[in-house]
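*Asks:* Protein chains in written order, with our numbering: chain A, 1 to 254; chain B, 1001 to 1278.
Calculated directly from the structure, the hints in this document are not laboratory data.
Where hints are given, some of them may not hold.
Quick list of simulated restraints, FRET-style, between CB atoms [said to hold, decoys possible]:
hint: 1; chain 1: B; residue 1: D1153; chain 2: A; residue 2: P222; range: 39 to 47 Å
hint: 2; chain 1: B; residue 1: K1232; chain 2: A; residue 2: R205; range: 53 to 61 Å
hint: 3; chain 1: A; residue 1: E142; chain 2: B; residue 2: R1047; range: 49 to 57 Å
hint: 4; chain 1: B; residue 1: N1144; chain 2: A; residue 2: A12; range: 48 to 56 Å
hint: 5; chain 1: A; residue 1: T200; chain 2: B; residue 2: G1068; range: 31 to 39 Å
hint: 6; chain 1: A; residue 1: P134; chain 2: B; residue 2: P1123; range: 20 to 28 Å
hint: 7; chain 1: A; residue 1: P134; chain 2: B; residue 2: D1138; range: 28 to 36 Å
hint: 8; chain 1: A; residue 1: D164; chain 2: B; residue 2: V1005; range: 47 to 55 Å
Footprint (simulated), chain B over chain A, 3 or more residues, beta carbon under 8 Å [to be verified]:
hint: 9; segment: 43-55
hint: 10; segment: 121-129
hint: 11; segment: 147-159
If you want the ones that stay clear, here's a sample from chain B, every Cβ over 10 Å from chain A, calculated [to be verified]:
hint: 12; residue: D1013
hint: 13; residue: P1028
hint: 14; residue: E1082
hint: 15; residue: E1202
hint: 16; residue: E1205
hint: 17; residue: K1249
Quick reminder that beta carbons are idealized off the backbone N, C-alpha and C, glycines included.
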Amino acid sequence: MSKAVSAQPSGAVSTTEIMIGAIAGMLAGLGHIAVGASSPIPGSAALLTRARSKGATRVSVLGSRENNPFTDGGRELFDCAGQGRIDAFFLSGGQIDGAANINLVGIGDLDDYPRAQARFPGSFGSSYLYFVVPRVILFREEHTPRTLVEHVDFISAPGTSPPDVYRPGGPYALVTSRCVFTFDRTRARFTLASVHPGVTAENVRAATGFDYDAPARVPETPALDAASLELLRTTVAREVAETYPAFAQRTWGM
Amino acid sequence: MAAQVTATLSLEDLAARIADGARIALPPDYSGCAMAAVRALMRRPVRDLHVVAVPAGGMQVDMLIGAGCVACVEAAAVTMGENGLAPRFTAALKSGEIEMRDATCPAIQAGLQAAEKGIPFMPLRGIIGSDLLRVRPDWKVIDNPLAESGRRDPIVILPAIRPDVTLFHALKADRQGNVWIGVRRELMLMAHASRQTLVTVERIEDGDFLQDAALAAGTIPALYISAIAEAKNGAWPIELAGAYPADRKAQADYVAAARTADGFARWADEVVHDKVPA
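Here chain B stands alone, though its shape is the one from the complex (with noise of 0.2 Å):
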């Protein structure tokens, strides 16, 4: 991958970045989605997305499957919180139109530090005597080649995750792509293991946000960053730490909505293709 520099696009050239059948790379919902670029895909539409939760998801992930662009969830779960269980994955799961690989939240973790140390597996407790064993074949126990002599201390290896493209929503970035995250770390780990990383923001500012030692420490540097984006309110319905909270009634709405697919289809002209409803 050689060093490039950071585009910035207009949105819907953000989203037309993400080709079909990638294997995406989705923040939870306490970390900025990019829920703007997320309708740009489901407009298009965007098709057969393999979806990589980190390590769960909620209301993007559900969008994306009710609108029939997703093939594949690896996910630790998925879930519209508060608002109790998503119900476009659900309905999915159960008429079998998509594939699904049940994780667990360290685990996503875990592969994506491998893919950022270029590294094939990591090790990580834990796990044995779990079905997820039995449902992810691509999951190996090995005893461990460190222990004692004569212990044996069988440990469960994953296979590194190296995604496509990651996309989320961050509140700025600087003219020359570094992205400020604060405390939102996985977003690091996620650019880092990411062969591309596009990122929509409520803005972008002058100056150098790697000169300033107080903002550094949350930046990603545009050296992980393919291309920006500005969109305000870039996050909504989902909160923006620091920036706005989560607007309850819409997702409410949504939840009420998607639980049919004709529902979803109703929700999706008014919010998403910005039909008025008859």
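Only chain A is shown next, with the shape it has when bound in the complex (with noise of 0.2 Å):
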């Protein structure tokens, strides 16, 4: 536990809420983040980031009436990101691999699509975001082999693309329950960049599917500093509850 965190009454940070630390370091300066389905721990990150931009930062959060500005229906995300009028966006994956590409659809050979052996709810948004949106942040609390694999069943959206292919969005990092790994365009490969509290880099290379490169000291994730948390743990949660309110449940008892 760190020692930004003793000073909260209300208790230990968890680590739901490492993660969304780490996702809102991510976020800093941006001007419009949007937050898509299942989405709850990078829409408290994005939520945090406007709270604490004073008004520098736009979010727009799927399913909210709330924190939703749009008034052109569903495809209005998707159009205004294709504009290039999104900077952030948030991708999860019941598989993700070592080259960044991401299955939303589900587990087992393509070839029995769509029988699969576990089936996922499917791609969302994912197959066109991940193009176009700059900066995109995978997340996935479970880190473990089955969901952290070297090669996904399904490619919902893939981490890179031929050079002739239109796409100035893609990976920019993965967060997950355990660390967080930022990853390379050019060479599509991650690097560990940080490990969480109470977590050491082999029990993240124990844990993950793929290879990817790791510095010989691995820092630790940092922490919110507490007026953050106070603000995470007040005004965001109940922003959060509106559109999650059994994740708001789970997380702060509200």
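Two chains, each in its own frame: build the complex with the hints.
*Replies:* Structure, rendered in structure tokens:
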């Protein structure tokens, strides 16, 4: 537990809050952050970034009424992104591989499609947004060889593209319950950037199904300062609860 | 399609206009789901629907699959949101009882936009390198014919999606059949693209929404609306923005019950067929 935390009467920083803090650290200074379906952790990070930006950052949350500025239907988010009006977005995957390919469709041989061994909900907007949003941050709480694999079984959206494919956007980092990886688009490879408190570089290596680079000494993921943590647990938590009530209940008891 | 006067029907008669085998466009959970009409379809039961989820499906799609009403699903995702995986959808894919056409959100919207314009396809960025192209042989990659000379610019084209029918629930219609949808413009897109549009509403009002500038901007003109039916709480247990929130307990109860086919059948007896449990 970090020092910033012990001052908090409401208790220790959870892994969820570490992940929120890590993602928020990648969003400072951006103009427009959009949050898609089933993304409560990035949504919390985006709303925290807005709260700290003093009005400089705009956040659009899909499925929200209070934090959704769109008036032209479901397509507006995508049209907005296609024009470069969205700076950051978040994607997850039932599987994510070492080349940042993501799988939101299912586990099993592609030849058996659609009869997957395990079926996930589906690709949502990933197959498009991964290409056009400059800073896509991948997030996945479960960090095991089952979720972080060498090769995904189904590519909902590829991590990189050949040079002739129009692609102003792509993966920037991957945040899990254990660590933060950054992604190098030219090498199509992750690098371990930091480990969360209580996690070692060896833990991460053992829990990861793909190969990646790591420095000799891996720093600890920085904790949120006390003021940011307070903001997250009060104002931001209430904003998150509007769209993700079950998550807000689980994380902050609201 | 000759212009017709919008019909005002009972809920059952409105549902009866959806033929077996119809390609039916359904809105996402945040947009106004005609759940009372969906239950009427399950009671009939309608068969072999080709569901187009615009762009993702939730409880209504899962219920229709569970009741054996669906032959094919075209969707960017089917999910119960915070309640997790859609149980009957997942089971039906595993058993092979439905055909799946996986998509991505803007591809469905672009296909509907092509239909709205009466053109055969729409180009869309992204997708290249995704396995969606392997499971969707109807999606093609072409070279941008307008690219600078000497530069290759591959781009995906998507066929127009022309649903036989769109079905949704809204707060209100007027007696002419103009339907107010506010900012939920995907409903406008769906109505423009579909051969017929059937709408259930909380209430039918006197007056003409198109004569009120504030209402007209968020109104689908009766031109596109085939029939309306009044259905109080017609979106229950899904939310209807500006009217009532989601019934989270009813949704969680559904997900718990629908984990098995037997559980789904017992749930449907009680909630859809109105049979008191023994």
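*Asks:* Each hint needs a verdict: does it hold in this structure or not?
*Replies:* Do the hints match the structure? See the list:
For D1153/B paired with P222/A, a C-beta distance near 42 Å keeps the hint of 39 to 47 Å intact. At about 59 Å, the beta-carbon gap between K1232/B and R205/A stays in the expected band of 53 to 61 Å. Judged by the Cβ atoms, the range 49 to 57 Å given for E142/A and R1047/B is violated: they are separated by roughly 39 Å. Under the hint 48 to 56 Å, the C-beta atoms of N1144/B and A12/A, about 54 Å apart, fit the expected range.
For T200/A paired with G1068/B, a C-beta distance near 52 Å fails the hint of 31 to 39 Å. Checked against the given bound of 20 to 28 Å, the beta carbons of P134/A and P1123/B, roughly 21 Å apart, stay inside it. In this structure, P134/A and D1138/B meet the distance hint of 28 to 36 Å, their C-beta atoms being roughly 31 Å apart. The supplied range of 47 to 55 Å is met by D164/A and V1005/B, whose beta-carbon atoms lie about 53 Å from each other.
As drawn, the segment 43-55 of chain A meets chain B at 0 residues by the rule of a beta-carbon pair under 8 Å; below three, the given contact is violated. Counting residues of the segment 121-129 of chain A whose CB lies closer than 8 Å to any CB of chain B gives 9, so the stated coverage by that chain holds, three being the minimum. Under the rule that three or more residues need a Cβ within less than 8 Å of chain B, the assignment of the segment 147-159 of chain A holds, with 5 such residues. In this structure D1013/B is separated from chain A by more than 10 Å, as the shortest Cβ-Cβ distance comes to about 29 Å.
The claim that P1028/B is not at the interface with chain A is violated, since a C-beta of that chain comes within 10 Å of its own (minimum 7 Å). Separation of E1082/B from chain A is inadequate, the least Cβ-Cβ distance of about 4 Å not exceeding the 10 Å criterion. The beta carbon of E1202/B is kept farther than 10 Å from every beta carbon of chain A, the shortest such distance being approximately 18 Å. The Cβ of E1205/B lies farther than 10 Å from every Cβ of chain A, with a closest approach of about 23 Å, so its non-interface assignment holds.
No beta-carbon of chain A comes within 10 Å of the beta-carbon of K1249/B; the shortest separation is about 12 Å.
Of the numbered hints stated above, those contradicted by the structure are hints 3, 5, 9, 13, 14, listed in ascending order.
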